[in-house]
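Colleague: Read off the chains here:
Number of protein chains: 2
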Amino acid sequence: MGVIGLGGRGQDLLQQAILPRAEVAITALCDRYQDRVDDTAAKVKAAGIVSEPALFTDAYACLESGTMDAVLISTSWEEHIPLACRALELGIAVAMEVGGAYSERELWTLVEVYEKTRTPFMFMENCCFGRDELMVLNMVKQGILGEVVHCAGGYLHDLRDEIAGGEQNRHYRLENYLHRNTENYPTHEIGPIARVLDLNRGNRMLTLTSVASRAAGMTEYLEQNDDTYPELKGRIFRQGDVVSTTITCAGGQTIHITLDTTLPRYYSRGFTVSGTKGMYCEENQSIFLDSEESHRKAHFSWRAQWGNVENYRGDFDHPIWQAFLADEVRGGHGGMDWLEFDAFFEALKSGEPMPIDVYDAASWMVISVLAEQSIALGGQPMAFPDFTRGRWIAH
Amino acid sequence: MGVIGLGGRGQDLLQQAILPRAEVAITALCDRYQDRVDDTAAKVKAAGIVSEPALFTDAYACLESGTMDAVLISTSWEEHIPLACRALELGIAVAMEVGGAYSERELWTLVEVYEKTRTPFMFMENCCFGRDELMVLNMVKQGILGEVVHCAGGYLHDLRDEIAGGEQNRHYRLENYLHRNTENYPTHEIGPIARVLDLNRGNRMLTLTSVASRAAGMTEYLEQNDDTYPELKGRIFRQGDVVSTTITCAGGQTIHITLDTTLPRYYSRGFTVSGTKGMYCEENQSIFLDSEESHRKAHFSWRAQWGNVENYRGDFDHPIWQAFLADEVRGGHGGMDWLEFDAFFEALKSGEPMPIDVYDAASWMVISVLAEQSIALGGQPMAFPDFTRGRWIAH
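For the record, the sequence lines run as chains H and G.
Residue numbers for the first sequence follow this note's numbering, beginning at 2 and rising by one.
Residue numbers for the second sequence follow this note's numbering, beginning at 2 and rising by one.
If you are wondering where the hints come from, they were derived from the structure by calculation, not from laboratory data.
Certain hints may be false.
Which copy is meant is left open, so a pair is good if it fits within one copy or across any two.
[What the hints assert, rightly or not] Restricting the straight-line Cα-Cα distance to at most 20 Å, the calculated cross-link-like pairs of lysine to aspartate or glutamate (DMTMM-like) are: (1) Lys298 / Glu163; (2) Lys350 / Glu24; (3) Lys278 / Asp39; (4) Lys278 / Glu148; (5) Lys278 / Asp227; (6) Lys278 / Asp162; (7) Lys278 / Glu163; (8) Lys234 / Glu163; (9) Lys46 / Glu347; (10) Lys298 / Asp162; (11) Lys142 / Asp316; (12) Lys278 / Glu224; (13) Lys142 / Asp318; (14) Lys46 / Glu24; (15) Lys298 / Glu176.
The following block holds chain H by itself, in its conformation from the complex (with noise of 0.2 Å):
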């Protein structure tokens, strides 16, 4: 397997959930920065790897040098499309990490490169594999919180720091928020989402409307540390602090998702989950059913019930955190990195279908795409393209 892509996402799969299998060769490594391909070397040497990987700085290079059976494309977010159509092409098995999509046409040959080629594709989003995501999903498919009707989620991550400097502004995210205003990572709410509301399996997302909050928290952030980001003095960020999304799907349900990215605040996904018999929230960890008394004895003072979702995990941990748990949990991101890695190698051996697909790829990173469109028509909704042409329905 070669590596393309060596910053801080990379390197941290790599080494987490990649080098410790013993049935995983890493034959290639490259990125354009070669002091981080020279570092990466060294500590896959470190780690007792028998043959030495080839090195590059070009990524196309990297692809054609015959190195690989599979690659991990963890470059720069606009990079990702090109370079893993590039890899299917050569039939070499792409694991592509995830960020969003700057137009439709581009998903557009992604999903035909892959229908023309069929070889293995596999979206790296680990989100879809968290306890909690996996613990609700089995809740929802055995009925425990009756009909789905609306679920919301966000990536609500305080990286002012990486925007403004991380790497020696390196990372990608800045130009990006310098440029655009969107609904720049949508998947990792949406992806365990997509897997409560059956999406591309029953149902798909049809329309989205997205507007942005004004740009405040960069700049406030750079005016403080103007002594650490001198280059950055006087520029403008086009990115809104706070994005809101909202989507409608076929089914009649609908989903809210939101962008929050450049203000100080705490770690969540936001992930909540509202049923015609209960409901999952993430901000208190709390499960509310219409069947406990408890619950609705407490509905107007919920505050004892917070992290409840503890009483759950017996009888709803997802069987493959049953299994990670009683087995060892490791990996990065709370153990989500090591089993996305699992879902992804295990298809690559048995030839069966990756679980995270092309469409789910393309539908998931369109938002991006429609979401900076309804944003300058001033919150105009958006049509989603149907990148299964219709097969969602039989699925």
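We have chain H; now place chain G onto it with these hints.
Modeller: Quick look at chain G alone, frame taken from chain H:
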């Protein structure tokens, strides 16, 4: 003072927030149902009032009876504005209960009748007087949260029983839920947010988009309780279970509000305030401040900080709550009702402007009108009328 509308709310306010005041004489009572009038009259008598109030089943006859200096209008939503206008014309000071509007035109009429008569008018949004709402407002006004760029809120209240059968099916919500599909109750959350964002006082709401989920909650509830509500068997509810509405403001802030009243859940108003120096979140009653190292360190493990609003009460409880606590918290809804009637009677005696005026009422209530239109048009953005006709700028 007279009270028109003696359902749950009218009776509650009368007994908890008005009757205990020695300075207020209840001189008239009115409801379209005779039994409510008789029942309330008996309670007023039992409270030891010297002169018995005049009793009415016709609201206009009540207003025209010359028996009152002020009136509380706590009828069904659709009667609020016509009755308020008649009272203003008769020189009777109006305390008008909350609810959404049905047309933009009726709101203009209310504004114009007020401007012609200058009779005192207060919109009785009790949540503007909530302890947390006022504490957060106090922090915002002191700059503790920095520049506020986004707020959220909701009316998140399981009303299935009340909608289906409350008070022998007399509740006005039922017909609204059968016929309309909108953000029908926006003011509990918009009131406090309006204060945070200085709406109508240097800022105003510009646009709104709204979508509704499908309506599954009431149908399932009635199927489970069809012995209790046989007359509702097979009725179709147009009101979606969850309505998501996003508002943009002239100052560049965004507001997201949610109506969620026909699903099982705990009560919340989902109040959230996000600024450049910190945030408040009602769902876990916490405050995050960029200036506090303990908060920044806990940003990935926020759970220990849940409920930390208690740590801020000493420094930031609003002066009116400090006085209330030092005296005696009383009245319904945790004291909010008492404080709002304090504000009404104080302004009435002093001749000072009412704290929640006719322009607040019109711009908050019009949300129900615009949301109904936006939902019907597939989430189309709708523009807010400026009921102040420019006076919000110089306020």
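Colleague: The structure should be examined with respect to each hint, and the outcome stated for every one.
Modeller: How the hints compare with the structure:
1. Lys298 / Glu163: Answer is between; shortest inter-copy Cα gap is 16 Å, intra-copy 45 Å.
2. Lys350 / Glu24: within (11 Å within a copy, 82 Å between copies)
3. Lys278 / Asp39: Answer is neither: 55 Å inside a copy and 40 Å across each miss the 20 Å cutoff.
4. Lys278 / Glu148: within (7 Å within a copy, 39 Å between copies)
5. Lys278 / Asp227: between (52 Å within a copy, 17 Å between copies)
6. Lys278 / Asp162: The answer is between: 14 Å across copies meets 20 Å, while 42 Å in one copy does not.
7. Lys278 / Glu163: between (41 Å within a copy, 17 Å between copies)
8. Lys234 / Glu163: within (16 Å within a copy, 57 Å between copies)
9. Lys46 / Glu347: neither (25 Å within a copy, 78 Å between copies)
10. Lys298 / Asp162: Classified as between; 14 Å across copies, 44 Å inside a copy.
11. Lys142 / Asp316: For Lys142 and Asp316, the Cα distance is within 20 Å only inside one copy (13 Å; across copies 47 Å).
12. Lys278 / Glu224: between (49 Å within a copy, 13 Å between copies)
13. Lys142 / Asp318: So Lys142 and Asp318 pass the 20 Å test inside one copy only (12 Å; across, 45 Å).
14. Lys46 / Glu24: within (16 Å within a copy, 85 Å between copies)
15. Lys298 / Glu176: neither (51 Å within a copy, 27 Å between copies)
In this structure, the earlier hints numbered 3, 9, 15 are contradicted, and the remaining ones agree with it.
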